[in-house]
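Residues 1 to 90 in the UniProt record's numbering are what the sequence shown spells out, letter by letter.
Think of the hints as simulated: they come from the structure by calculation, not from any bench.
Since we're looking at a predicted model, the values are computed, not measured.
A virtual CB, placed ideally from N, CA and C, is assigned to each residue, including glycine.
Be aware that a few hints might be false.
Quick list of in silico lysine-lysine cross-link-like pairs, BS3-like style, CA-CA up to 30 Å [to be verified]:
1) Lys16 <-> Lys33
2) Lys65 <-> Lys16
3) Lys5 <-> Lys65
4) Lys5 <-> Lys85
5) Lys85 <-> Lys9
6) Lys16 <-> Lys85
7) Lys60 <-> Lys9
8) Lys65 <-> Lys9
9) Lys5 <-> Lys33
10) Lys25 <-> Lys9
11) Lys65 <-> Lys33
12) Lys25 <-> Lys60
13) Lys5 <-> Lys64
14) Lys25 <-> Lys65
15) Lys5 <-> Lys16
Restraint ranges, calculated between C-beta atoms of paired labels, are given here [said to hold, decoys possible]:
16) Asn42 <-> Arg70: 27 to 33 Å
17) Ala46 <-> His4: 31 to 37 Å
18) Arg10 <-> Glu45: 17 to 23 Å
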Amino acid sequence: MANHKSALKRHRQSLKRRDRNRAVKTRVRNLIKRVRTAVEQNDREAAQQALVDATSALDKAATKKVYHWRGAARRISRLHQAVNKIGEAS
């Protein structure tokens, strides 16, 4: 552990950010899981609503630099593809 005042402050800040980032990542994972569950059950309406929520959360997490913006875009794209396949299969 550092002894300088500024290093101690940086450490406190990093702990706060870690907790915040963990909470955001957990929320995003749960929203993605909700989309995938709806896709598996072929529930188009629930999948589309969950997709809107997941897309919003992923975009916000990318804006806050919790996820890399390209990684977030890739996840959103793949979720969209999965939801769009529901209509084709029916």
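>> Against the 30 Å threshold, does the CA-CA distance of Lys5 and Lys65 hold or violate the hint?
In response: holds, 26 Å
>> Against the 30 Å threshold, does the CA-CA distance of Lys65 and Lys33 hold or violate the hint?
In response: holds, 21 Å
>> Holds or violated: the 27 to 33 Å window for the beta-carbon distance between Asn42 and Arg70?
In response: holds, 30 Å
> Quick one, are Lys16 and Lys85 close enough, alpha carbons at most 30 Å?
Replying inline: Distance of about 40 Å is beyond 30 Å: violated.
> Could one say that the CB atoms of Arg10 and Glu45 fall in the range 17 to 23 Å?
Replying inline: violated, 47 Å
> Hey, Lys5 versus Lys33, does the alpha-carbon distance stay inside 30 Å?
Replying inline: With a Cα-Cα distance of about 42 Å, the restraint between Lys5 and Lys33 is violated, given a limit of 30 Å.
> Would the pair Lys5 and Lys64 pass a check requiring their Cα atoms to be no farther apart than 30 Å?
Replying inline: Since the Cα atoms of Lys5 and Lys64 sit roughly 27 Å apart, the hinted pair holds (cutoff 30 Å).
> Are Ala46 and His4 spaced within 31 to 37 Å by their CB atoms?
Replying inline: violated, 53 Å
> Taking 30 Å as the top limit, are the C-alpha atoms of Lys25 and Lys60 close enough?
Replying inline: holds, 11 Å
>> Would the hint linking Lys65 and Lys9 be met if the CA-CA limit is 30 Å?
In response: Roughly 21 Å separates the two Cα atoms, so the pair holds.
> Taking 30 Å as the top limit, are the C-alpha atoms of Lys85 and Lys9 close enough?
Replying inline: Violated, because 49 Å separates the two Cα atoms, which is more than 30 Å.
> Given the hinted pair Lys5 and Lys16, is their alpha-carbon gap at most 30 Å?
Replying inline: Holds - the C-alpha atoms of Lys16 and Lys5 are around 17 Å apart, at most 30 Å.
The structure is inconsistent with the numbered hints 4, 5, 6, 9, 17 and 18, although it conforms to all the rest.
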